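Start from chain A and add chain B according to the hints.
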Amino acid sequence: MTIGELAPQIEAGKLSPVELTRQVLSQIRRLQPALNAYIVVLEESALDQARQAEREIRTGHYRGPLHGIPYAAKDLFYTKGVATTAGSKILRDHQPGYDAAVIERLREAGAVLVGKTGLHEFAYGITNNNPHFGPVRNPWDTARIPGGSSGGSGAAQATGQCVFSLGSDTGGSVRIPASFCGIAGLKPTFGRISRYGVFPLGHSLDHVGHFASTVKDLATILEAIAGPDPRDDSSAREPLPPLDLPPEPSLKDYRVGVPANYYFERCEPEVHKAAHAAIETMRGLGAQVSEVEIADLEEFTVLGRLILLPEATAVHRHRLRTRRADIGADVLGLLDQGQFVTACDYLDAQRRRRQLIETLNAVFDQVDVIITPATPITAPKIGETTVEIAGHKEDARLAATRLVRALNLAGVPALAIPCGFDSRGLPIGLQIFGRAFDEAAVLTVGHAYEQATEWHKRRPSLAG
Amino acid sequence: MWKTIAQALGLNIPDDQLEALAPALDALWKGARQALDRDLSAVEPALKFYPEIGSQP
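Residue numbers (this note's numbering), protein chains in the order written: chain A, 1 to 464; chain B, 1 to 57.
It is worth saying that the hints were derived from the structure and are not from the lab. Given the structure is predicted, the values throughout are model-derived calculations rather than measurements. Some clues are possibly wrong.
[As the list claims (entries may be wrong)] Quick look at which bits of chain A chain B covers, simulated, 3 or more residues with Cβ under 8 angstroms:
(1) 302-313
(2) 329-338
(3) 344-350
Glycine included, every Cβ here is placed at the ideal spot set by N, Cα and C.
Isolated chain A, as found in the complex (with noise of 0.2 angstroms):
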């Protein structure tokens, strides 16, 4: 189900909204024991949203393409009186007196919201976990993490459960999850998206993000969201332009980068393989491919675990006194870790992330977007805490955001969509990035690419 082909069919009255709705409800039933992606589904209020676009739409006040869309919230952003618990035991009965940005713009949109997807605890992780709630699980394998922490949401989408779902990425938890469920996932630019009314991670580091079916309908998403607000004063000014994805799958004007140092020296060899199939399909399509270097990375990704692990304890510093045995372990080593950075360590990395912004910048004076593999490996196991690449052993959580987390410091827009599928049928993610605020490249060459391929087109069987 694409926004793509549903849309046109419900503005022309083909298709009830009320109808949607209940197929996707109904598909949430089935898959829940399953796959645990839901911690409510607010199937009463959906069917009121759905009745309400039925009415507007068969009076002729159509509203645009996501008017009558079932959808589902990553579960922090605030619902106003329906409990937003941040995958928390603490925040359980924790319920907002107000909606977050995101939520009111997707009303104002008329997209029906059918529940709140599951998450790793705080969105403090990459497992998706949940002690409190119960392991949300991958659709391609039960036995495996969807990733995380958005990972409720990115399960959902790839089995029907919604036909576009919201998550929120701070060191990946986007990308991550959309590499391990095979579907698209964006991380737009740091601002483009207001972040008012979502339980904060890392003030400096979060993003809101979404997940859908097809990168066209992100780019759809990302017009009905995206925009200031002076609600949140990280939001940005900069307008979105119009983001019309060429019809043909063509990337003649288009310079792409392959990083030659980083990115591809520690990936699992069928990652890689299909990362590198993806980049010559890009070249097929008239790409200019060339080799780019992005200096300290590895230090970057370190500096961002440091600028986190405060920025999170300041968040938790309260609850981490009060409440500690109501926290998970996992989590709560991380809340204790933050304590230990000092002031210094914090501004000082705060400076050299200044540099590695000025380091990219310079990168893409030469190419207009860079490719990578969105993660190293394939989802691992339930509980699998340290993965195995090419005979060296390496923590999970690390690896799995060693290729992300060095963008959510930059800021800029990154795509991950599927380029394949391991031997174990697994999918395997591709990261396309670009300039700060230029999402419109990023989705165009993720765009071409999905035209040019059918790995989107690939479900898990249990989606039926």
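Chain B in isolation, oriented as in the chain A frame:
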């Protein structure tokens, strides 16, 4: 070292949990020193962070 710091700061982290954290803290400390032991005094911090100058509201 971490135990001394934790006690001085009154962090109340149980000993067994602190011991489990020590390798991660050691690695973080080492990584931070490699990244930050340089003169950064001429670089503006990105405290209020915007990815591109001019994008401020």
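Do the hints match the structure? See the list:
Beta-carbon proximity to chain B at under 8 angstroms applies to 5 residues in the region 302-313 of chain A; the threshold of 3 is reached and the given coverage holds. Figure legend: the region 329-338 of chain A, annotated as covered by chain B; annotation consistent (4 residues with Cβ-Cβ distances under 8 angstroms, at least 3 required). Residues of the region 344-350 of chain A lying with their CB closer than 8 angstroms to a CB of chain B number 5, which satisfies the three-residue condition for coverage.
Hint violations for this structure: none, all hints satisfied.
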